[in-house]
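Asks: Make one complex out of these two single chains by using the hints.
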Amino acid sequence: RKEVEQDPGPFNVPEGATVAFNCTYSNSASQSFFWYRQDCRKEPKLLMSVYSSGNEDGRFTAQLNRASQYISLLIRDSKLSDSATYLCVVNPPGGFKTIFGAGTRLFVKA
Amino acid sequence: DGGITQSPKYLFRKEGQNVTLSCEQNLNHDAMYWYRQDPGQGLRLIYYSQIVNDFQKGDIAEGYSVSREKKESFPLTVTSAQKNPTAFYLCASSIRRDDNQPQHFGDGTRLSIL
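Chains as they are written, first to last, in our numbering: chain A, 557 to 666; chain B, 41 to 154.
The following block holds chain B by itself, in its conformation from the complex (with noise of 0.2 Å):
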């Protein structure tokens, strides 16, 4: 089955720990984001990749990492440096960067903090 996993589908952090979120798709996209959701709110943009070796910042960037060394795969830490990192967070992909192509989601990794 073509789609996007991510994992885990629940994680905790420490005080002061990185973590990484994964994020696989097997639809031969080339764009590919991540968005964090906080309850109530609506999805924001943390970093995209429109190419494998090339990403850029979102809206909420700070505090998180990203790499894009294969076009399959797009993960994300989560660093300390975010002092509020529990969210919902959200992978998705687009066959490429086009205004009118939709974007389709992994079924997301819930992080809190211990």
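Isolated chain A, as found in the complex (with noise of 0.2 Å):
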């Protein structure tokens, strides 16, 4: 099993849909859990922490389910401008090692 696992999609999605990405991960001691944005050919760039108790910031909501070992991203009204990939990030307790996803992409169309 893969440290960090996501759907490498492509989500087609029209414009104002709301889309979810979720990201598995295997080290159930995690500590930390972030979600980057990358355009194509470009740096990642983050989009937000996910907390416990789960975060929002605008259309964006970040979700962390223990449990599961699974976390989420959720994205609401959908804007051509949020075509990218998404990045799912891990950093696994004790070691110096943060565990990249392989991303989902999204596209989302007029």
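Be aware that one or more of the hints could be misleading.
[To be verified] So the derived label-pair ranges between C-beta atoms look like this: (1) Y50/B x S584/A: 37 to 47 Å; (2) I135/B x S609/A: 14 to 24 Å; (3) G610/A x Q96/B: 28 to 38 Å; (4) P48/B x S584/A: 41 to 51 Å; (5) P564/A x Y50/B: 22 to 32 Å; (6) K97/B x T574/A: 34 to 44 Å.
Please keep in mind that the hints were generated in silico from the structure rather than gathered at the bench.
Backbone N, C-alpha and C fix where the C-beta goes; we use that ideal spot for every residue, glycine too.
Replies: This is the structure in structure tokens:
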């Protein structure tokens, strides 16, 4: 089993749709979690941290389910500009190793 | 503006040649990292450094070398021993070695073989 797994997609959705991505992780003791956004041929950019209580930033909501070992990202009212690859990032405890998922591609169409 | 600067943006390597990728940050971050990204794949850690004059191998260090003589700078050398260097190289930094701190990235260097 991979340490961090994401559905590669692509997800093709119309503008205004709600879309959700999940990401599973294998180390149950992992401490911190993030979602990054990566545009084509660009660097990843931090989208949001994922807290145990869940968090929301505008149209984006991130949640953590420790029992089932997954994190999720919900995008409401999708915009054309949301088209990108979304990377799930997990920090296992103890060592110094951040694990990046391979990403989920999203295409939002008019 | 605070940030991470990578140069050059594009780099071409000849057979048997060593090339060095630059990474400079003015964020006063302690920790710095180098990743490699191949098409359709996640980021893989090459080297990381938690403090000046100290660095550790990541998952794919073979064929690469680094130095950390200054807090702001973490250059990566791709040596001739790296037989498949074509990739997108990303430098990142974080405030400190801390499980809860996110990493911030430079805009990357694309390396190709001539």
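Asks: Take a look at whether the Cβ-Cβ distance between P48/B and S584/A falls inside 41 to 51 Å.
Replies: 42 Å, holds
Asks: Quick one: are P564/A and Y50/B within 22 to 32 Å, going by C-beta?
Replies: Once the Cβ atoms are compared, 27 Å apart, the range 22 to 32 Å for Y50/B and P564/A holds.
Asks: Can you tell me whether the CB distance of I135/B to S609/A sits inside 14 to 24 Å?
Replies: 23 Å, holds
Asks: Y50/B and S584/A, beta-carbon distance inside 37 to 47 Å?
Replies: Check passed, 42 Å falls within 37 to 47 Å.
Asks: I want to verify a distance hint. Is the separation of the beta carbons of G610/A and Q96/B within 28 to 38 Å?
Replies: Cβ of G610/A to Cβ of Q96/B: about 34 Å, so the range 28 to 38 Å holds.
Asks: Quick one: are K97/B and T574/A within 34 to 44 Å, going by C-beta?
Replies: Holds - the Cβ-Cβ distance for K97/B and T574/A, about 43 Å, lies within 34 to 44 Å.
Taken one by one, the earlier hints all hold for this structure without exception.
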